[in-house]
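Trainee: Take a look at the letters that make up each chain.
Protein chains: 2
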Amino acid sequence: MKLIGRQTWQFENQPRIIGRAAVVGPEEGEGPLSADFDYVYDNLEIGEKTWEKGERKLLEQATQLALVNANITKEELQFFIGGDLLNQIISSSFSARKLGAPYLGVFGACSTSMESLALASLIVDSGAGNYVLAGTVSHNCTVEKQFRYPTEYGSQKPPYAQYTVTGSGCSVVSRTGDGPVVTRATIGRVMDLGIKDPFNMGAAMAPAAADTIVSHFRDTGLEPGYYDLIVTGDLASVGLPITKELLQKEGIPMEQTTFNDCGLMIYDREKQPYVVAGGSGCGCSATVTYGHILNRMQKGDLKRVLIVATGALLSPISYQQGESIPCIAHAVAIEKEG
Amino acid sequence: MKLIGRQTWQFENQPRIIGRAAVVGPEEGEGPLSADFDYVYDNLEIGEKTWEKGERKLLEQATQLALVNANITKEELQFFIGGDLLNQIISSSFSARKLGAPYLGVFGACSTSMESLALASLIVDSGAGNYVLAGTVSHNCTVEKQFRYPTEYGSQKPPYAQYTVTGSGCSVVSRTGDGPVVTRATIGRVMDLGIKDPFNMGAAMAPAAADTIVSHFRDTGLEPGYYDLIVTGDLASVGLPITKELLQKEGIPMEQTTFNDCGLMIYDREKQPYVVAGGSGCGCSATVTYGHILNRMQKGDLKRVLIVATGALLSPISYQQGESIPCIAHAVAIEKEG
Numbered sequence: 001m002k003l004i005g006r007q008t009w010q011f012e013n014q015p016r017i018i019g020r021a022a023v024v025g026p027e028e029g030e031g032p033l034s035a036d037f038d039y040v041y042d043n044l045e046i047g048e049k050t051w052e053k054g055e056r057k058l059l060e061q062a063t064q065l066a067l068v069n070a071n072i073t074k075e076e077l078q079f080f081i082g083g084d085l086l087n088q089i090i091s092s093s094f095s096a097r098k099l100g101a102p103y104l105g106v107f108g109a110c111s112t113s114m115e116s117l118a119l120a121s122l123i124v125d126s127g128a129g130n131y132v133l134a135g136t137v138s139h140n141c142t143v144e145k146q147f148r149y150p151t152e153y154g155s156q157k158p159p160y161a162q163y164t165v166t167g168s169g170c171s172v173v174s175r176t177g178d179g180p181v182v183t184r185a186t187i188g189r190v191m192d193l194g195i196k197d198p199f200n201m202g203a204a205m206a207p208a209a210a211d212t213i214v215s216h217f218r219d220t221g222l223e224p225g226y227y228d229l230i231v232t233g234d235l236a237s238v239g240l241p242i243t244k245e246l247l248q249k250e251g252i253p254m255e256q257t258t259f260n261d262c263g264l265m266i267y268d269r270e271k272q273p274y275v276v277a278g279g280s281g282c283g284c285s286a287t288v289t290y291g292h293i294l295n296r297m298q299k300g301d302l303k304r305v306l307i308v309a310t311g312a313l314l315s316p317i318s319y320q321q322g323e324s325i326p327c328i329a330h331a332v333a334i335e336k337e338g
Numbered sequence: 001m002k003l004i005g006r007q008t009w010q011f012e013n014q015p016r017i018i019g020r021a022a023v024v025g026p027e028e029g030e031g032p033l034s035a036d037f038d039y040v041y042d043n044l045e046i047g048e049k050t051w052e053k054g055e056r057k058l059l060e061q062a063t064q065l066a067l068v069n070a071n072i073t074k075e076e077l078q079f080f081i082g083g084d085l086l087n088q089i090i091s092s093s094f095s096a097r098k099l100g101a102p103y104l105g106v107f108g109a110c111s112t113s114m115e116s117l118a119l120a121s122l123i124v125d126s127g128a129g130n131y132v133l134a135g136t137v138s139h140n141c142t143v144e145k146q147f148r149y150p151t152e153y154g155s156q157k158p159p160y161a162q163y164t165v166t167g168s169g170c171s172v173v174s175r176t177g178d179g180p181v182v183t184r185a186t187i188g189r190v191m192d193l194g195i196k197d198p199f200n201m202g203a204a205m206a207p208a209a210a211d212t213i214v215s216h217f218r219d220t221g222l223e224p225g226y227y228d229l230i231v232t233g234d235l236a237s238v239g240l241p242i243t244k245e246l247l248q249k250e251g252i253p254m255e256q257t258t259f260n261d262c263g264l265m266i267y268d269r270e271k272q273p274y275v276v277a278g279g280s281g282c283g284c285s286a287t288v289t290y291g292h293i294l295n296r297m298q299k300g301d302l303k304r305v306l307i308v309a310t311g312a313l314l315s316p317i318s319y320q321q322g323e324s325i326p327c328i329a330h331a332v333a334i335e336k337e338g
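Chains A and B supply the protein sequences, listed in that same order. Count the first sequence with the UniProt record's numbering and you get residues 1 to 338, in order. Count the second sequence with the UniProt record's numbering and you get residues 1 to 338, in order.
Chain A with its partners taken away, still in its complex shape (with noise of 0.2 Å):
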């Protein structure tokens, strides 16, 4: 365990991702990456009687279905990290009472997904703990109703807006066992220059994104190139060119890899016209990440992806008191061997 230069730390002890899994809604299931989700609900409502409940049961299966994956039991399992969008993350903290493993709690919007897989690989890495369960999960109609309107108000929306991925992405980190390697993570600063329209997140959150880039490319003394992929969680149509944009300026040679975004390729923007600028929301990185890039990695078609999770740390509270939208994004590699 090292920190490199200002904020990133080199994992020393090839923590890996032995597990993983990710459960999606219809909508999710009807989009181009359906066939890399292990587990696809025909309803919005997850088979149960509130948006929340399905919410959680979503993370709760990805969980099981991580650990099985992993091939070790729930009494093996050494800590869960986990956190959602909900008010105080209700979804991870009921599924760490199902799982019963020491719990850390942690929230940082959408960039959920990476921060408790570095928080996980750390842990690993540094001897801390064996066997750590890092997840996140979203649901479409929680999110929108706690952040803007219940989807029944049927209000509209702006062509910038975008649509909260239903689906949970977890994964489970060891030293022992097979998987891709989890090499480093760079841990964001917030960033906020100004934007106050909480539907505007991409562009709100392109900053966050970009200084993370930035400074993983100026801790690491890599270069884009490195990376065969380089994904951001959810920036979407208006949020990924502005990041371009802003990395274009600084000088760093994008145009050496595949610069995607998970809010991208989550959806079929034509065929999916009601997701408007792309997918958003902490299970968008996660399902992504874990359900279609690792799958890629382990056909062979992908060897070092970085994984830039993007988070709009903002609630609806200081939305309304007249605050701008403080962002920040978490960027974790991950490579397979040989």
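Note that these hints are calculated values from the structure, not bench results. Mixed in with the good hints there might be a few duds.
Each pair may be met inside one copy or between any two copies, as identical chains are not told apart.
[As the list claims (entries may be wrong)] Computed cross-link-like contacts, EDC-like style, restricted to lysine to aspartate or glutamate with a CA-CA straight-line distance of at most 20 Å:
#1 K2 to E76
#2 K303 to E335
#3 K2 to E12
#4 K299 to D228
#5 K98 to E323
#6 K49 to E12
Assemble the complex: chain A is given as a structure, and chain B must be docked to it using the hints.
Mentor: For chain B alone, kept in the frame of chain A given last:
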């Protein structure tokens, strides 16, 4: 860095608390620990226009005082680990924006004080960073408004209700510099014995406190008498006796040590009857620890303490949907050398 037993981290490189600060509101200033706080506000508004802005100011001020007391600059600070009780932990995220350091948001309700200190110590001990700030805050009026009723409604409280502390406590953890050493941390499991009344948090959290204390002594092989003082976070007058009874049933010899609760220490319940059963909120254990307890340690009055911060992981929505209250407790041991 070593995991001992099931859930306890043993720090081996002497992460130290080299600076700390506790900033409180007027009611805490009227309590018996008044002289231990770095700054006492004479108004509950903390000079701001909204309760939420007031809460944030408490944390911003405590982070800055902790840096001053640690004798480091904002630029030298490597990571900030913060969390609070507000939806989407906005007090912490906005303070992180001001600090500018790489930021990890955490949530463990009132256990956030020790969750953040445990993680800061892990980062420092493992070499993932030096100069790591851990901090949390709560404000009586933001919390009453969010979890129960706005204070202005003047609603009656049952005799087991607790009073949220208005205050922020922060610490800077480092391998270099002087100060007491963080020696161990026991990460708690979620416990839920079915209590559904959100006023009855002491009773709800008592089993989590007992479980973490039992785990700490099982994992470490120590006896309670090893510590001069063991304090729980905010069990207050209802929860502490329940925890004592549970520990007695488990055969843990707590009579070997002084066993108290931060929620009972911070107010004078006779002179301040409005606090009902005692203090709560993540500012409770944070200000009592970083103010009072570490002052006593500095004076040579205490040599080894165990802080068991307790948290009730409910949200208004989980309660309204008929769920019980999942609870957790994280314990951190702090020792003076020599």
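Trainee: Give a verdict on every hint.
Mentor: Evaluated hints:
{"no.": "1", "hint": "K2 to E76", "in the structure": "between (27 Å within a copy, 17 Å between copies)"}
{"no.": "2", "hint": "K303 to E335", "in the structure": "within (6 Å within a copy, 46 Å between copies)"}
{"no.": "3", "hint": "K2 to E12", "in the structure": "both (8 Å within a copy, 16 Å between copies)"}
{"no.": "4", "hint": "K299 to D228", "in the structure": "within (14 Å within a copy, 57 Å between copies)"}
{"no.": "5", "hint": "K98 to E323", "in the structure": "between (37 Å within a copy, 14 Å between copies)"}
{"no.": "6", "hint": "K49 to E12", "in the structure": "neither (46 Å within a copy, 49 Å between copies)"}
In this structure, only the earlier hint numbered 6 is contradicted, and the remaining ones agree with it.
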